[in-house]
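Undergrad: Residue numbers (the numbering used here), protein chains in the order written: chain L, 361 to 496; chain Y, 361 to 496; chain A, 361 to 496; chain S, 361 to 496; chain R, 361 to 496; chain H, 361 to 496.
Remember, identical chains collapse to one label, so a pair may be satisfied in a single copy or spanning two.
When the alpha-carbon atoms are kept at most 25 angstroms apart in a straight line, the in silico SDA-like pairs for lysine to any residue are as follows:
1) Lys453 - Trp410
2) Lys414 - Ala492
3) Lys414 - Asp390
4) Lys407 - Asp390
5) Lys482 - Arg494
Since the hints were made in silico from the structure, they are not lab data.
Number of protein chains: 6
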Amino acid sequence: MPISRFVEYEDASPEVRAVYDDIMESRDVDWINNFWKALAQHPPTLKRTWESLKEVMAPGALDPLVKEMLYLAVSMANTCDYCINSHTAAARKAGMSDDMLHELRAVVGMASETNALVEAYKVELDERLYRAARKT
Amino acid sequence: MPISRFVEYEDASPEVRAVYDDIMESRDVDWINNFWKALAQHPPTLKRTWESLKEVMAPGALDPLVKEMLYLAVSMANTCDYCINSHTAAARKAGMSDDMLHELRAVVGMASETNALVEAYKVELDERLYRAARKT
Amino acid sequence: MPISRFVEYEDASPEVRAVYDDIMESRDVDWINNFWKALAQHPPTLKRTWESLKEVMAPGALDPLVKEMLYLAVSMANTCDYCINSHTAAARKAGMSDDMLHELRAVVGMASETNALVEAYKVELDERLYRAARKT
Amino acid sequence: MPISRFVEYEDASPEVRAVYDDIMESRDVDWINNFWKALAQHPPTLKRTWESLKEVMAPGALDPLVKEMLYLAVSMANTCDYCINSHTAAARKAGMSDDMLHELRAVVGMASETNALVEAYKVELDERLYRAARKT
Amino acid sequence: MPISRFVEYEDASPEVRAVYDDIMESRDVDWINNFWKALAQHPPTLKRTWESLKEVMAPGALDPLVKEMLYLAVSMANTCDYCINSHTAAARKAGMSDDMLHELRAVVGMASETNALVEAYKVELDERLYRAARKT
Amino acid sequence: MPISRFVEYEDASPEVRAVYDDIMESRDVDWINNFWKALAQHPPTLKRTWESLKEVMAPGALDPLVKEMLYLAVSMANTCDYCINSHTAAARKAGMSDDMLHELRAVVGMASETNALVEAYKVELDERLYRAARKT
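So here's chain L without its partners, still in its complex pose (with noise of 0.2 angstroms):
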């Protein structure tokens, strides 16, 4: 029983319309899911969250799939169910295997596990790491 409702392009104003064309023309799609039709009942939220996602998620030093991968792996830690299904499928059109989903899960739990125990054993930093995470 979610509590959503949706904006369904013949009912929307057409400033929600532009996002909704833009959103189709980049993606390369032909319908709009629920994520977007949601946000459209706060205009504002719409467009920025859009204009933002299309700005993070564009070529630049990392690869398109990797950037989907990210998102789904920061998805699966905060526990998103929409969200980890929607970047499967996204994850899944910019080539992700099933091998690399089944990898990105071990590597997602694993993460989990190791960040756990450093939390519990309230690890202090080493020096050497600090300074290879700074590169200096």
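Got chain L; can you put chains Y, A, S, R and H on it based on the hints?
TA: Just chains Y, A, S, R and H now, with coordinates in the frame of chain L:
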């Protein structure tokens, strides 16, 4: 005022030394970082964690640099300080540039925002995305 | 498939009924929501939680609507589905409009992003902000 | 031993200075706090984050003080130290009194307890609360 | 609409069957629960996780029931639905009564509140508690 | 640079002193730790939290040591530094040995890994586990 106590190589049992030797050889380094020295207080946890980690991070369908970046992204999502520092160092060693780190942080920040929005709006999963995530 | 079992009014002990009566009178409603019926399996937890909640949410330096919105924002940050739904209902009853809800969600999303960026960049606290936070 | 490196005004590019100038003017302050100086290592993230934040925190249906308190409550729920300190300072500047801060903390604490109890008891959503949350 | 696909015993490779047989024998059950059938899509993760879990949950300084209750408490704190259900079942099997479960939930709820208050008030560690935690 | 300000016994109001006296008597100690001195800035929160804690941690179906270890495990899962330190001290006082602490940390680490894997694989709940969790 952390509460870890570290087991140094010279004070370690043969069982712990064997793990330390394997860590140094596998990673081609000549020192042991504090995480392992803290776990060495409980040798079964040291051995099990190192062996799991070595297996998970071994070459596979994912590139080693991509694995390190996924590990770092999860550590940021879990806000584990030691982990962020140590895996920033590890990812740099595996080839992550400054630009790649900045983009990785932007993806983590953006994923945190959209994950929160999905939860706040309680977005329902799209049937199409569900099928795409399952590839059926 | 949730695992709660609910204690209905007609099956409740006098101790539990006394809490149920106080909830209905304090909130001016004629029914008990599932949260309380689940806690009633352990009457000391029911009584203690209701009395704490009643005290914390009572009129004080903060406006009741602001308190409800803070409760809702924390529930979103903790991604607790039942809590988001029930406190959305409570905040609406206390006067929250649709526009206020949309802005609240935008703040929660934005705070999640900047929180993640602060952790990712491991930002040190400014001396000036520290003093301002302490007001000295 | 944080790993941020800060970009000071005197070392900043014109693009970064333009954002710094806008921050100082919008907030009527004569200095830049470390969060922005850390983001300035990656100018696109600095610019995008500041513009999003400015838009989200602008006057709207919610009072600016309420927005600041919501931001602070989310930061407490996310246990982000820098964020708690900086948004405590911001909320005080916007008019939050000591009593208001103490009540806010009590609400955050209480919400964390009841959120945990809801999860522990796996409480099902009431049909009535669902309808009230949707206002139908 | 979950995205796991399960590997049934009859379709499993000899490597996966060996793990399934060990799970059923170690736990004295005649079926495999979905967690393992999902991991079996990636046999190295199945084997590593089962072997780690078996080792961690084996008799030791802590009583098996206490270990199961600690596992359940962490799953509640992490708000993992499947985990809460499966470890409630496991802890019941190990001897947890209804009263013990209710008290466990009360402790998890209380810890969540005081954890949140500690973060909200940013409490400094007492020198005495630090020494007591280290036993020196 | 924490932002708490502590209320010392000598500066405390009679209302706060009464709580401090009860804490010292109940725990058989002659000092007050910082958590309570921080809460004492808001006497109703001090009183309510102490009374809840005293009730929750009182002898019941669970052994006091088990309760302390559950509290500690939740604090580790929530990564609350002060809480981990103070509840490690409390659990030691209640009889937790070094070996018990190491095993507790191993359970917390392992639970975090399998919790993350459950979320990553989006595992569906087994009908049998659901019935076992409900005991029907």
